[in-house]
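Novice: Listed here are the chains, written in short residue letters.
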Amino acid sequence: MLSKDSQNTDTENDTTSWERERKGMEEEIHDLKILYETIAEHSSAIENELDDKNREVSALIQQLKKYLSPQLYKLIVGKPGNISLDYRREFLTIFFSDIMNFTEISDRTDPEVLSDILNEYLNDMAQIALAHGGTVDKFMGDAIMVFFGAPEHTDDKNHARDCCKMALEMQQKIRHIDHEWMQRGIPQGLKVRMGIHSGYCTVGNFGAENRMDYTIIGGNVNIASRLESLATPQSIFISSITRNLLTNDFIAEFDQMLQVKGIHYPVEVFRLLGHREDVHTVDNPYLVKHKDGFVLNEIEFDHKKTSSGEISRIKEALHNVLSIIDKSH
Amino acid sequence: MDTLNAGDAIITYNESESKMVFEGSMRLANMKEYDVVSSFLRKSIDDTDDPVVLDLRLLQFLNSSGITTLSLFILSCKKAGKPQIKVLGSESISWQQKSISNFKKLWNDVEIVI
Chain A
1 MLSKDSQNTD TENDTTSWER ERKGMEEEIH DLKILYETIA EHSSAIENEL
51 DDKNREVSAL IQQLKKYLSP QLYKLIVGKP GNISLDYRRE FLTIFFSDIM
101 NFTEISDRTD PEVLSDILNE YLNDMAQIAL AHGGTVDKFM GDAIMVFFGA
151 PEHTDDKNHA RDCCKMALEM QQKIRHIDHE WMQRGIPQGL KVRMGIHSGY
201 CTVGNFGAEN RMDYTIIGGN VNIASRLESL ATPQSIFISS ITRNLLTNDF
251 IAEFDQMLQV KGIHYPVEVF RLLGHREDVH TVDNPYLVKH KDGFVLNEIE
301 FDHKKTSSGE ISRIKEALHN VLSIIDKSH
Chain B
1 MDTLNAGDAI ITYNESESKM VFEGSMRLAN MKEYDVVSSF LRKSIDDTDD
51 PVVLDLRLLQ FLNSSGITTL SLFILSCKKA GKPQIKVLGS ESISWQQKSI
101 SNFKKLWNDV EIVI
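Protein sequences, first through last, are from chains A and B. Under full-length UniProt numbering, think of the first position of the first sequence as 1, with each following residue one higher. Under full-length UniProt numbering, think of the first position of the second sequence as 1, with each following residue one higher.
These are calculated hints, taken from the structure and not from any lab test. All C-beta atoms, glycine included, are put in the ideal place defined by N, C-alpha and C. Among the clues, some could well be false.
Example chain B residues on the side facing chain A (calculated, C-beta under 10 Å, incomplete) [what the hints assert, rightly or not]: (1) Tyr13; (2) Leu58; (3) Phe61; (4) Leu62; (5) Asn63; (6) Gly66; (7) Ser90; (8) Ser92; (9) Trp95; (10) Gln96; (11) Lys98; (12) Ser99; (13) Trp107.
Straight-line distance between alpha carbons at most 30 Å, and here's what the computed BS3-like set of lysine-lysine pairs gives [stated by the list, open to error]: (14) Lys82(B) x Lys65(A); (15) Lys19(B) x Lys23(A); (16) Lys43(B) x Lys327(A); (17) Lys304(A) x Lys78(B); (18) Lys33(A) x Lys104(B); (19) Lys79(B) x Lys327(A); (20) Lys43(B) x Lys53(A); (21) Lys98(B) x Lys19(B); (22) Lys65(A) x Lys43(B); (23) Lys53(A) x Lys98(B); (24) Lys105(B) x Lys23(A).
The following block holds chain B by itself, in its conformation from the complex:
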């Protein structure tokens, strides 16, 4: 189980389930600060061909640089053609109601469960 502290948020990657769990409030200042998050995401899924779950249900807040980072990650997966991505969201968190469905516009193969 790998963990990354990203300001007020924690990202945990469970390799056995290919599941990335985001918790807290992710509000790093700019794209440069999000480089560690991008590297963590890429490194975690590097060797896997299995579908990856991005579990955002406990992520209370994500700023614009954060959504850009996740969107670019999805685009890079689309370009590589793998891995398949499933995003878990929560209806009770207002930013997720709108933004998560846009991941499917970026890559039609993304599965959204909200």
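Okay, chain A solo, but in the shape it has when bound:
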């Protein structure tokens, strides 16, 4: 039998051992608790950072959207569908526009006013281009280049139709802006010439390694540009290639033959006047009517250069002007 003292000593030893073990476990639980908190806080920090980065990326993508056509935007942010950025030959319809006498306007206008009106104009034009499915290639000062058929190609006729409808809507909008510019102290107002041509181009990313442009190159691009520089103020010149892709709903008349450097055959040039469905666009380009009266645009007449169709529109505009004035008195 164990003595009472011995039993007491064993009990004390057991208690001390239990106490030590309990203390050790408590310390371990304490360490695990801090470890758990450390990991949780670390995870939260990473998640928060991820969320911040996601917001940054979203903001950047929104910024990017301003600079790209919807097709190109979809391609870059990862919803490509059947769009590709590879180099390829593609049949496209190409559009160029340019403001008449812009150098003179920019020399005589306060820089702040100039940047305001130019940005408003370019924004309006870009909105119209995007609404018609055009890829805004670039703004070159006051000039705009748009093409249809890449990166998303649907149908050549649709591209020509969309491009011409876009140009007509732009000219209609420009007639209103023209009036606003005059009211804002720009005596020349806003007169824009446009050129459209369809043909095969090489499309893809061109440029330096760290500065690429998704754009098009080729002789047909030059023809579209030439048509634009040939066009008279407020007119849209289209090539016979584009015209042949259009339905009879578009009204266009022959204007002249164009010999382009480097192209062996002359290009037939047509003046696009409007679309039968759209009553506004078949209005006379020289006369913009509004509820209180009208604005008569600048008329340039040269008996050697002005075509018979143009002469009849000038006569019609002048006739209508007199008629409106008569009726108002």
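Starting from the known structure of chain A, arrange chain B on it as the hints suggest.
Specialist: Same frame as chain A, now just chain B:
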């Protein structure tokens, strides 16, 4: 100088300075994959009684399994009572701003320089 490649991160142990330098982005998939990192840390400091420096200033990213591995390493040092640990961090790396100070909660003897 011993080196360990841990995915997108490199860990270098300079024995003469008792300094462990972490660089890059440490994002191994799970604790099992971090076993090599744990072994490297333990093996490197095995014979030293000198204070060890964990230099994290170039470690851009560390995932949850990674912070667990470093925390367990610190706890094992605490249990052994050696070596002393000094952690160098960077204020400009966001995960370090919060997480590094928690090492001191794990073991009050850890010195944090950030």
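Novice: Compare the structure with each hint and give your call.
Specialist: A quick look at each hint next to the structure:
The interface hint given for Tyr13(B) is violated, since its Cβ lies 23 Å from the closest Cβ of chain A, which is over the 10 Å cut-off. The interface hint given for Leu58(B) is violated, since its Cβ lies 18 Å from the closest Cβ of chain A, which is over the 10 Å cut-off. For the restraint placing Phe61(B) at the interface with chain A, the shortest Cβ-Cβ distance is roughly 8 Å, inside the 10 Å limit, so the hint holds. Hint status for Leu62(B): holds, given a least beta-carbon distance of 8 Å to chain A, under 10 Å.
A distance limit of 10 Å between C-beta atoms decides the matter here; for Asn63(B) the minimum to chain A is near 7 Å, and the interface restraint holds. Look at Gly66(B): its Cβ gets to within about 9 Å of chain A, closer than 10 Å, so that hint holds up. Among the interface hints, the one on Ser90(B) is violated; its C-beta lies about 14 Å from the nearest C-beta in chain A, farther than the 10 Å criterion. Evaluation of the Ser92(B) hint against chain A yields a violated restraint, the C-beta minimum of about 13 Å exceeding 10 Å.
At its closest, the beta carbon of Trp95(B) sits 5 Å from a beta carbon of chain A; the interface hint therefore holds under the 10 Å criterion. Interface restraint check for Gln96(B): the shortest CB-CB distance to chain A comes to about 9 Å, inside 10 Å, so the restraint holds. The restraint placing Lys98(B) at the interface with chain A holds, with a minimum CB-CB distance near 5 Å, inside the 10 Å limit. The restraint placing Ser99(B) at the interface with chain A holds, with a minimum CB-CB distance near 4 Å, inside the 10 Å limit.
A distance limit of 10 Å between C-beta atoms decides the matter here; for Trp107(B) the minimum to chain A is near 9 Å, and the interface restraint holds. Our distance criterion of 30 Å between C-alpha atoms is broken by Lys82(B) and Lys65(A), whose separation comes to about 57 Å. With a CA separation close to 34 Å, the supplied pair Lys19(B) and Lys23(A) exceeds the 30 Å bound. Between the alpha carbons of Lys43(B) and Lys327(A) the distance comes to roughly 102 Å, so the proposed pair goes past 30 Å and is violated.
Pair hint Lys304(A) plus Lys78(B) does not hold up; C-alpha atoms about 100 Å apart against a cutoff of 30 Å. Proposed proximity of Lys33(A) and Lys104(B) is supported: the alpha carbons are some 14 Å apart, at most 30 Å. Proximity of Lys79(B) to Lys327(A) is assessed by CA-CA distance (about 104 Å); at most 30 Å being required, the pair is judged violated. A threshold of 30 Å between alpha carbons decides the hint, and for Lys43(B) with Lys53(A) the separation of about 37 Å lies outside it, so the pair is violated.
Our distance criterion of 30 Å between C-alpha atoms is met by Lys98(B) and Lys19(B), whose separation comes to about 22 Å. Distance hint between Lys65(A) and Lys43(B) is unfulfilled; the C-alpha atoms sit about 53 Å from each other, more than 30 Å. Taken as a hint, the Lys53(A) and Lys98(B) pair is honoured in the structure, with Cα atoms around 18 Å apart against an allowance of 30 Å. Between the alpha carbons of Lys105(B) and Lys23(A) the distance comes to roughly 18 Å, so the proposed pair stays at or under 30 Å and holds.
Checked against the numbered hints above, the structure violates hints 1, 2, 7, 8, 14, 15, 16, 17, 19, 20 and 22; every other hint is satisfied.
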